[in-house]
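Participant: Read off the chains here:
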Amino acid sequence: MTKIVAVTNCPAGIAHTYMVAEAIEEKAKSLGYEVHVETQGASGVENKLTTEQIAEADYVILAIGKGLTDHDKERFNQKKVVELPVSEALKHIDTLFDDLEGNSHVLSGSKVKLGADQEKVTEGVMSYLMAGVSAALPFVIGGGLLIAIGSMMVQFGMPNTPLGKGTEPSLAWIITSIGNLGFQFMIPIMGAYIAYAISDKPAFAPAFLVTFLANDNQLLGTDSGAGFLGAIVIGLSIGYFVKYFKKLKLGKNFQSVLGYMIIPFVTLLVFGLLTYFLIGPAMAWLMSVMLSFLQNIPTSMKVVGGFIVGAMLAFDMGGPINKTAWFFSFSLLSSHVFNWYGIVGVVTLLPPMAAAISTWIKPAIFSKQERAASWSAFIVGMTVATEPAIPYALAAPLPMITANTLAGGITGALTIFLNVERTAPGIGIFDPLLGLESPWYWFYLCVAVGLALNVLFIITFKSYWLKRQAAKEEKAA
Amino acid sequence: MNIFEINHINMNLAGSNQHEIMESLADLAFNLNIINGKAELVKDYLEREEESTTGFGNGVAIPHARSNNIKGATILFGRSSSDIEWDSLDGKPVNTFISLLVPDDQADEHLKLLAKLSRKLVHKDFVEILKTGSETEVFDAINNIVNN
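Quick mapping for you: the protein sequence lines, in order, are chains W and E. To convert, note that position 74 of the first sequence is 81 in the numbering used here; the numbers rise steadily by one, no gaps. To convert, note that position 71 of the second sequence is 78 in the numbering used here; the numbers rise steadily by one, no gaps.
Each hint should be verified, as a subset may be incorrect.
[Claimed, not checked] In silico BS3-like cross-links for lysine-lysine, where the CA-CA straight-line distance does not exceed 30 Å: (1) Lys138/E with Lys250/W; (2) Lys250/W with Lys123/E; (3) Lys208/W with Lys123/E; (4) Lys86/W with Lys309/W; (5) Lys55/W with Lys50/E; (6) Lys208/W with Lys131/E; (7) Lys78/E with Lys10/W; (8) Lys78/E with Lys34/W; (9) Lys253/W with Lys131/E; (10) Lys78/E with Lys119/E; (11) Lys78/E with Lys254/W; (12) Lys45/E with Lys55/W; (13) Lys45/E with Lys474/W; (14) Lys34/W with Lys123/E; (15) Lys250/W with Lys131/E; (16) Lys138/E with Lys474/W; (17) Lys254/W with Lys131/E; (18) Lys123/E with Lys253/W; (19) Lys36/W with Lys45/E; (20) Lys45/E with Lys87/W; (21) Lys45/E with Lys73/W; (22) Lys256/W with Lys131/E; (23) Lys253/W with Lys78/E; (24) Lys78/E with Lys80/W.
Simulated from the structure, these hints should not be mistaken for lab results.
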C-alpha cells in the first residue's frame, strides 16, 4: 500500500492549514493510501509525524504557506518530497496524487542531517542542544581557522603587535583578534539558540545576553567564564522559563507587548541578576576550592595529580574547571616547574582531534554538519585551541564529556609519569619542533596514546548512548 | 460570547466588490462588538488576501484575520446578492463568505474549533449547505461543528 505523510501550514494558521490537511487525508483515503498529516497551525503542531511514519512513507507532501525551517525539513532528508504552496495544494487536490513520482524530488543536503541512529532525536532536550550546535559550529570554524592562521604567522616570525596608543597593530594580531570573536560569541550563540529552540524569539535576546555575561570573566569578576556548560544551563533554563512565561494572560492591553517587550525585559533582569549574584560567585568559589585542592596534592602522588589535572583540562574545554587546571599548571612555570604544563600541551590537543578522527572512523554517529566541520576541528585542534571540540560535546554531552575526561585523565597521568615538559605556549602538535616541549618522543607517544583512547571512548560511549536514546524515543512514540 | 451565534449571519451582505464586502463584514463584526476598529479589520483581510486568495473555489471565500484588533474568536457568515470577483482558485466569482476572526493571543480551544470548521470546508455536502441552505440550515450546520 502506498504510504503518504504530509505537513501543512499557512500564513494565519487558522484556515488553509486544516482545509488542505483534510483534503489530503480525504483524497488519499479515497485512493486507498495510508496517510498521516501534520498540521502546523496557530494552535501549534498537531499530529506530529513520528520518525516511524516518515521512515515508512513512500512520498512526503509539503503544502506550505509560511515556509519550513531547515531544521524542520531535515526530517525528510532522502525522502521523495512533493513541495508546493498550500493554496496550490488546495487548487490541485484532485490531480495532486496523479503523478507523485514525477512531481517529487529526493530531498538532500539539509545542513544538519543526523547520522543513522541519531535520526530518532527530533524532540526534547537533545534537539534543543542540536540547535545550539548548528548555530555555534560556524563561529568556531571561522574563528578557529583565523586564530590558527594568526598563530602560524607569529610562529614563522611575523610580528604580533597588539593595538596600543601610538602603535599600529600587526596583521597577525588583527587576524587572531577577529578569530577570537568567533570563540567569544560561540558560547552566547549556543545559549541563545538552545533557548530559541524551546520557546522561540522572546527567549533569544535574554539567553544571548545572559550567556554572554556568564561567559565573560571581566563582567563577572571571576577568573573564568562559565563556558559551554554554562550555555547549556542558561539556554535550557531561559528556554523553559520563557515557555511558561508566554502562557501568562495579561489582558488585552498588554498581551501584544508580552512577547517582544515584557518577556525579554523581565527574563533578562531576573536571569542577569541571578547569573551575576549566583553563578559568578559559585564559580569563583568552585575554582578556588579546586585550586587549593590541586596545590595540596602531595608530590608522591604525582601520577594521580596528573590524572586529575588531565581530566579537568578535558572536562569543560575553556570553562571554569579547565581554567583552574590550566591556571594551576601555568602558574608553576614561574617556579620553573614545567611538567604540569606539559600535561596542558598534550591533553588540550585531544578532544578536538579525537572528535574529528571519530567522525572519519564512524561517520554514522555524527551529524552531517559535525562531519563537515571535522577537518577544521582537526587543524585548529592540533595547533591552537580546544574550542572546536565544544560543538561535538554539546551534541551529546554525556558520552562526549565522559570520553574526553577519561582519556584526558589517563593521558595526563602518562604525561607526568614520562615527565614531558613544556616551557611556553606554542602551536600545539608542533611544539617539540619549536623546542617548547620535550622530550619529543615521549610527547608524541602521549599524544598518540591519548588520541587512540579518546577516539575509542567516543565511539564506544556515543554509540551506546545513541542506542539508549533511540530506545527511549521508541518507547515514547 | 459564543464563537458563533445566529446574529453572526448576514444573508444579504451589501457590496459589489471585494473591498465593499470586507467593509460589510467589518460592520457586522463591529456591531457585534467583536473588533475595535473596522478599518483595521479590512486592512488585515486585504493583507491576508495578498498572501494568497481565500476564495477556495465553488463560489465560497473565507476572508480571515488574526490580530489584536479582534476581541474574541468569532465566525461570521454572509451571502451577497451579486457575484463578487475574488481572484479565486478556480477563477470563478464568489457569493458565500465565511469569515474567521482570531485574536493574537487566542486560547487553544477556540483555535481547535476553527480548525474543525476549516476541515469541513473541503467537504462538498457541507459547502453545499453554506451555498444554498436557508439561514437556519446554515446556522445549524456551522453550530453543529463548533458548539458541540
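Participant: Could you check the structure against the hints above and give me the numbers of any it violates, in ascending order?
Facilitator: Failing hints, ascending: 1, 4, 5, 6, 7, 8, 9, 12, 13, 15, 16, 17, 19, 20, 22, 24.
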